[in-house]
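K.L.:
This is what each chain is made of:
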Amino acid sequence: MLKRQHMPIVVTVALFILIFIAGSFRYTGFFSAQVLLNLLIDNAFLLIVAIGMTFVIVSGGIDLSVGSVIALTTMISATLLQDGWPAGVVIPLVLFIGAVFGAGMGAIIHYFKIQPFIVTLAGMFLARGLCYVISTNTITITDPFYTSVAQTKVSLPGGTFISISVLIALLVFAAAFYLAHYTRFGRNTYALGGSEQSAVLMGLPVARTKVGVYMFSGFCSALGGVVFTFYMLSGYGLHAIGMELDAIAAVVIGGTLLTGGFGYVAGTLFGVLIQGVIQTIISFEGTLSSWWTRIVIGLLLFLFIVLQKLFSSRQLLQKRRA
Amino acid sequence: MEERLPILQMKDIYKQFPGVKALSGVQFRLFPGEVHALMGENGAGKSTLIKVLTGVYAIDRGYVELEQKRIQIQSPQDAQAAGISTVYQEVNLCPNLSVAENIFIGREPRRLGRILWKELNRAAAKLLEERMNLSIDVSQPLHSYPIAIQQLVAIARALNISAKVLILDEPTSSLDRGEVRQLFDVMNKLKREGLAILFVTHFLDQVYEISDRITILRGGEFVGEYAASALPRIELVSKMIGKELELLEELPKLQAEAGDEGGEIVLEARSLGRKGAVEPFDLSIRKGEIVGLAGLLGSGRTETARLLFGADRADQGTLRIGDTGSVHTPRQAIDQGIAFCSEDRKGEGIIDDLTIRENIVLALQASQGWFRTISKKRQSEIAEQFIEALNINPPNPDQLIKNLSGGNQQKVLLARWLLTDPKLLILDEPTRGIDIGAKAEIQKLVMSLSEKGMSVLFISSELEEVLRVSDRIAVLRDRRKVKEMSGDEMSEQLVLKAIAGGGEG
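Residue numbers (this note's numbering), protein chains in the order written: chain A, 1 to 322; chain B, 1 to 505.
For the record, the hints were derived by calculation from the structure and aren't laboratory data.
Yeah, the Cβ is synthetic: ideal placement off N, Cα and C, and Gly gets one too.
A portion of the hints provided could be inaccurate.
What the hints assert, rightly or not - Facing chain A, according to a computed beta carbon distance under 7 angstroms, are these residues of chain B, among others:
id: 1; residue: GLN80
id: 2; residue: GLY83
id: 3; residue: LEU93
id: 4; residue: CYS94
id: 5; residue: ILE105
id: 6; residue: ARG114
id: 7; residue: PRO395
Make a model of the complete structure from these sequences and hints.
P.N.:
Written out as structure tokens, the structure is:
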């Protein structure tokens, strides 16, 4: 049975299908499984980051540091690999750094009761600045593990393929879905977003949940950074500039309420896919500048925020009537 | 009963906030299998005592014993773990989660860390069915149910946390009669099962109906502990307010003087209605008249008020205020001299982090335009004047409003609107959650305003109060205006009959 709280996600999925069909009619060669899979291949890192962001936004917060953490991850990875560190050490290390960075911001937000916007903005500058402390240049990665992961194609039936990054992203997606809907941490995150005061009075572990949410986002950013490194095979302080906004856009288009307490990880997947399919259409069009992606995403964001507003005011009306 | 040992004992509790002595030397005992009412005026320290007991505030001095063992309650988790569960005045659940989750969150049935949703929903449905006589779809989000049901869900949650002590803080203030009955049935059942219940309310009837014992606080101090059967009502009230009751007794006399038939019409609604809110109704209010709106919770009282203020857009009929054309927005209504004091004083009225002074001058400042600021000196004068006139406590214009008790916050709100000198004042539940002394003060104030020519639309769930202050009463039932009565017609019996809908309309 379709419940009314699933409406936003239905709209998102329908929109994605609509855009994809429209593209298929307009461009030859658009309608193929590989084009669909390419959406995932090109946006694996965005998906991972946006999943972390979903938890933060559902909890009622925001994380602006994700793009910078990606850049920092690429920088640290590239330098250490250049110095001859093995990939098996570098990857866990950067993931650890990302999680600690996120947990630190979460702790500041919770214990000092500071707006997440400001704390993560500071985190964003800090991480971006640290990149340039390491180096102002691009550092190319030649590590055999990284290059082989980057080039490996996982074959699927029908002659299509995906990258290892996609597998990682899908794994994160599955784990996050489980985390959100079947664990106490996930439910506490929703409770926190619904009403922090109530969550406290209900005796829920608010501190642990809040710090955990930002830690998870930090971890996802670092993992997104690792996947991004596979994709770019370089470390650079200017990588992933503005990525936090892409991630937030994906989450919102995916139907998550910016006010917290409501949203689905699955919605975020489609939010990312919608961004991807718009990019694809613009590249198929050929003559349009890639900035058109931004314009369309901007319009979609407006549309979705208005939809959210309508949705929540209808809910209020229903409550008053009841 | 006396020879038994108390399950909970609070000794010499002290708690101080900046500028306010909230509790000084308060005692409290609670025995298993009793309902113990905690009484006091607003600002007497009831809420503070409860917050101390539930770990929201730390105590400055004194101690708490549970089952003869001293306990340190430092957080709501501590309280819960110790077996002290609370249902607060405002429903403190998460509206976005399902009913079942709200009952069990933090204690969900799990296997290997995985939440078992089916089991969770089944257990919640069973709990509500068996203990609250409530059968609803527990997988729906909480916000899709009315406040009364949310309240019962909150109690179900508290019950489920194998509570030894259940604290009910003003649980009945948003329930209608039938729902109160249902709640009392549950409370009686729990009492027989040996639970100790601490019950806070402002309704004296309810206190005597359900309580075994009463503890009275006044101004943060302990007045005494009494058996309910041995404490006459009048004595209870005078102990609460600490003065004799002439204030209350002179009230009914005031009414006769008011009620001017020939005054000019201030507001006139013709077939005004809004789909899903209120069916079309006619209503006119004359100068200096107090019109009461009576009806059960959810009968459309607030919706009517919002239509009259332009806060919700009517989809049919006309609304005229004074001699102008129709009114569509709150802005127009305010320009025409209407003031609306909302029932939701937390959400729509007061601004927590501003001072009394700033809250009072807010509406005046808005009506003057933001560029013609009122000088701080003038602001203070105004604030002082109202603090004195309305007896706001603490009498310090620079106190943050969030540190005030509910009744005093209400008075600040009233002051805000009175300052704009409205022609018509709409008061939606102005006395909800306010103690009897402050109630009488507000009622008296309303009557004296009408004598000075101000019209008032007075909305209240307490019939007695509506009858006392109103010159005319409009009765609502099921979102329809079913009757209007004035003068001698107005009696509790007739209004009740109209509310209940016996045969007519």
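K.L.:
A separate judgement is required for each hint: does it hold in the structure or not?
P.N.:
A quick look at each hint next to the structure:
1. GLN80: holds (4 angstroms)
2. GLY83: violated (12 angstroms)
3. LEU93: This interface hint holds because 6 angstroms falls under the 7 angstroms limit.
4. CYS94: Because about 3 angstroms separates CYS94 of chain B from the closest Cβ in chain A, which is inside the 7 angstroms limit, the hint holds.
5. ILE105: holds (6 angstroms)
6. ARG114: holds (5 angstroms)
7. PRO395: violated (29 angstroms)
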